[in-house]
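**Q** Protein chains in written order, with full-length UniProt numbering: chain P, 1 to 496; chain C, 1 to 496.
Any given hint could be a false lead.
[To be verified] Once the Cα atoms are required to be at most 20 Å apart in a straight line, the calculated SDA-like pairs of lysine to any residue come out as:
# : chain 1 : residue 1 : chain 2 : residue 2
1 : C       : K215      : P       : S178
2 : P       : K232      : C       : K215
3 : P       : K475      : P       : N426
4 : P       : K389      : C       : T55
5 : P       : K232      : P       : R168
Think of the hints as simulated: they come from the structure by calculation, not from any bench.
Remember, it's a predicted structure, so these values are computed and weren't measured experimentally.
There are 2 protein chains.
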Amino acid sequence: MLLRVRAAVAQLAAGLGAGAGAQPPAEPRGGGAGAGSGASPPAAAFCRPAFLQLTPEELRRADDHTGRAVQSPRDGRRRLPWRTGYAEVINAGKSQHNEDQACCEVVFVERRPSPRGRLMSREGCGELDGGRKGFYFHYWALFDGHAGSGAAVMASEKLHVHICEQLRDLVDILQDPSPPPICLPHGPGDPTRVSVAEDDGEVPNDAVPRFHLEKAVSHESLVIGAIENAFKHMDDQIERERGAQHLAGGCCALAAIYLMGKFYVANAGDSRAIIIRNGEIIPMSREFTPETERQRLQFLALLRPELLGKEFTPLEFPRRIQPKELGKKMLYRDQNMNGWAYKKIEEDDLKFPLIYGEGKKARMMATIGVTRGLGDHDLKVFSSNIHIKPFLSCFPEVRVYDLTQYEHCPDDVLVLGTDGLWDVTNDKEVAGVVMEVLTSYEPNDPCRYTMVAQELVVRSRGVLKERGWRLANDKLGSGDDISVFVIPLGGPGNYT
Amino acid sequence: MLLRVRAAVAQLAAGLGAGAGAQPPAEPRGGGAGAGSGASPPAAAFCRPAFLQLTPEELRRADDHTGRAVQSPRDGRRRLPWRTGYAEVINAGKSQHNEDQACCEVVFVERRPSPRGRLMSREGCGELDGGRKGFYFHYWALFDGHAGSGAAVMASEKLHVHICEQLRDLVDILQDPSPPPICLPHGPGDPTRVSVAEDDGEVPNDAVPRFHLEKAVSHESLVIGAIENAFKHMDDQIERERGAQHLAGGCCALAAIYLMGKFYVANAGDSRAIIIRNGEIIPMSREFTPETERQRLQFLALLRPELLGKEFTPLEFPRRIQPKELGKKMLYRDQNMNGWAYKKIEEDDLKFPLIYGEGKKARMMATIGVTRGLGDHDLKVFSSNIHIKPFLSCFPEVRVYDLTQYEHCPDDVLVLGTDGLWDVTNDKEVAGVVMEVLTSYEPNDPCRYTMVAQELVVRSRGVLKERGWRLANDKLGSGDDISVFVIPLGGPGNYT
Chain P
1 MLLRVRAAVA QLAAGLGAGA GAQPPAEPRG GGAGAGSGAS PPAAAFCRPA FLQLTPEELR
61 RADDHTGRAV QSPRDGRRRL PWRTGYAEVI NAGKSQHNED QACCEVVFVE RRPSPRGRLM
121 SREGCGELDG GRKGFYFHYW ALFDGHAGSG AAVMASEKLH VHICEQLRDL VDILQDPSPP
181 PICLPHGPGD PTRVSVAEDD GEVPNDAVPR FHLEKAVSHE SLVIGAIENA FKHMDDQIER
241 ERGAQHLAGG CCALAAIYLM GKFYVANAGD SRAIIIRNGE IIPMSREFTP ETERQRLQFL
301 ALLRPELLGK EFTPLEFPRR IQPKELGKKM LYRDQNMNGW AYKKIEEDDL KFPLIYGEGK
361 KARMMATIGV TRGLGDHDLK VFSSNIHIKP FLSCFPEVRV YDLTQYEHCP DDVLVLGTDG
421 LWDVTNDKEV AGVVMEVLTS YEPNDPCRYT MVAQELVVRS RGVLKERGWR LANDKLGSGD
481 DISVFVIPLG GPGNYT
Chain C
1 MLLRVRAAVA QLAAGLGAGA GAQPPAEPRG GGAGAGSGAS PPAAAFCRPA FLQLTPEELR
61 RADDHTGRAV QSPRDGRRRL PWRTGYAEVI NAGKSQHNED QACCEVVFVE RRPSPRGRLM
121 SREGCGELDG GRKGFYFHYW ALFDGHAGSG AAVMASEKLH VHICEQLRDL VDILQDPSPP
181 PICLPHGPGD PTRVSVAEDD GEVPNDAVPR FHLEKAVSHE SLVIGAIENA FKHMDDQIER
241 ERGAQHLAGG CCALAAIYLM GKFYVANAGD SRAIIIRNGE IIPMSREFTP ETERQRLQFL
301 ALLRPELLGK EFTPLEFPRR IQPKELGKKM LYRDQNMNGW AYKKIEEDDL KFPLIYGEGK
361 KARMMATIGV TRGLGDHDLK VFSSNIHIKP FLSCFPEVRV YDLTQYEHCP DDVLVLGTDG
421 LWDVTNDKEV AGVVMEVLTS YEPNDPCRYT MVAQELVVRS RGVLKERGWR LANDKLGSGD
481 DISVFVIPLG GPGNYT
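Bound-form chain P, shown alone (with noise of 0.2 Å):
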């Protein structure tokens, strides 16, 4: 991911450069921190997912750039839910640790007491695990860092508590099979619901037409939103707790929840998400970078132009202008197009522009390759005081599949990686795998589908050689840290 967030031009003329690349990385967590529990003192030098449950020496393996030794939940510890398939391996150097972060967890979500000390019993609503009231979800989320692992350390300590606190109100609702209240009557802490009918009744009949144009609003999108903003108080967490925590840099994030059937895919950053089923590639996720956001970028640079501190031109040229081309006429487009036209080159069109660069070479002031996550508040283009945050999300696009809808065989996954898998092993590559690898294992062998994760991170890692990390047809290998979930959706034990 540092390679993303690093200057896109050696020499700016307006002394823009390299990067937040250049900030030293925060201290991480210990390594055997479990996930919900209270940011620890910044002490370890490197930290891995808990669920990995290494002892010290596999610690110092799994830091090692030059052996890049493949890391797996090992047999005999605790398994994954599902049997899920976990597998990473660290950079070849660019960075001094691995920046990414995974986690997985099995949540209960508690209603929330009444406030007025009063639990209204409802049909629908289980008594659940000794006589509370709540639903279980699967968790499963990749957090790929940058410039500092502080962001996806925390993220992947408390992501999933925010999810479940944003769900907490919802309890009630999710688990009665008639439409959501669109109001309920007081404020927060008494999520108490009230009926439609119930609501009429309270309001006196008046003039004005009411409710002939109420919308509905499913259950589905109830939780869609509860994630999204779960996503929000995430970041606003790492921007309250950054100086106390020394927390660095930024993250991008992917989260799996399985909920009542549904599997909610949540993406803010450039990691990727696809179910393989039947065969089949469906995209579960789209990547958020300076060009598939260009036009928001623009539009927000357009209407807030103080923000590009008279250092960038909201417009994108297929390239740098020269001051000597000033009066010519070159290929341009703004936050209306999509198409290129050409216009006549001025003054102000010397700046650099916001956008910058083609694929993964793109940037965002000059700065940084993704446009979704989480943290990078202190980030400024390098020697400015210019500020990146404001044009970053932190929301998260929420794409939803429904378990329900089609019976799985043991052979369909959805698989999760960070960006270190995607860019050089592409949707049809890791469906070939997945396929070659299922096949050679029992559908019951537990084992199955982290040996999928391992020989897809190898697969993209490669093997060392003289001219570095290669893969089997010769290419460079991925140099990144690379992170894959392969989860089941129709394994054995699987839905409980």
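Given chain P, work out where chain C should sit, using these hints.
**A** Just chain C now, kept in the frame of chain P:
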């Protein structure tokens, strides 16, 4: 279209209400005005597309809301290019005249003369039309007016002229198979191209690395840019001339341009284009409404709250909030959210929502149901000084279909229709009618595409019964103006 530009709610607390529908319709052009000619004086009470060549008697019949006679180009008169089928019908009385307009032209794009008097001769550029250098494009367009027909009439006369103007600078570049140059040597009026090699040679060697991040721009994206800017110039012309020409209202615009083997379908509004190829439906546009553009509109409102005139809130709620509901929790979503969440109702939330209503009833600022199009420069929220135009975009989305990538049969067509068609007949039903009618005519019958267009209009209008216009299934037919082009993709004599 008028129905979509009226108040969403009869009585609003803030005094907002009946929208621009109350404005008197502008005087439209005369019946025989040719496309590309100057706007006619505001004399004739009613006009239809020039290619229909209606007699005064026919014009009167076309204007009859009771009979709602379907209009098509007559046998024996000028046939439309490619044997294109066209049909239209007036609304059932919701506006005085048919506010739809249509245009179909073959346009020659002449290379703009060099201001320095030297015409460079280059390989690949044909000398056409008596020594002039240029190319032709085919053009079909529908304009669905609202709150007056002035904007639709002017756009139907001028949009293709603006597209032609934008393309004139590209005559050499589009006919040269090498990639378009990033930079041209001089200002407007001299499109003489310079190759990248020549350009490189002009610039002295300096310290800044150059062109290593040069983005490739395709010919296709230049055409898209030209069309996008043509829409903008059209909108500017309407703004400039609306006073002198009595141009009232606005219009949706849907245009299909065939150029060098490709269709460019540009849409701004809620008309729709689909291709039906071998029975398969390929969408060639999407609709721009308060619902589909909610996040763009909310984002603008958030950044420019002064545009809301203290009357509207940028948040969306599923229904109006009653003042007495203050302090309760209600579902909402903002510009970042796709899902819904509860929030405590505050004083500001009692304002009218920027976006309100659902489906065909969705309105922006309680006034307008489409968020892209031409015109509407004077449109204000009823009984207020709040302008609507800043929220509207005149830029189309342009989709490209490469005709050379597939061998088309005479039954493959591109269908363009205003919302009067699509409101009652979905894509699948349209495809069914297309296939049904075409199989009953010989492939070389010149009338077959007109027959399809007529059948589509008749089936969407329905027949007049006691309880109004009814479809075959007794559901309500479209009371809106309906206009349809059916363009064969593999018909005899195409691509000439």
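**Q** CA of P/K475 to CA of P/N426, is that 20 Å or under?
**A** holds (14 Å)
**Q** Given the hinted pair P/K232 and P/R168, is their alpha-carbon gap at most 20 Å?
**A** holds (16 Å)
**Q** Decide if the proposed pair is consistent with the structure: C/K215 and P/S178, CA atoms, cutoff 20 Å inclusive.
**A** violated (53 Å)
**Q** Check whether the Cα positions of P/K232 and C/K215 lie no farther apart than 20 Å.
**A** It is violated: about 35 Å lies between the C-alpha atoms, which goes past 20 Å.
**Q** Is the straight-line distance between the alpha-carbon of P/K389 and that of C/T55 20 Å or less?
**A** violated (64 Å)
Violation of the numbered hints given earlier is confined to hints 1, 2, 4; the remaining hints are satisfied by the structure.
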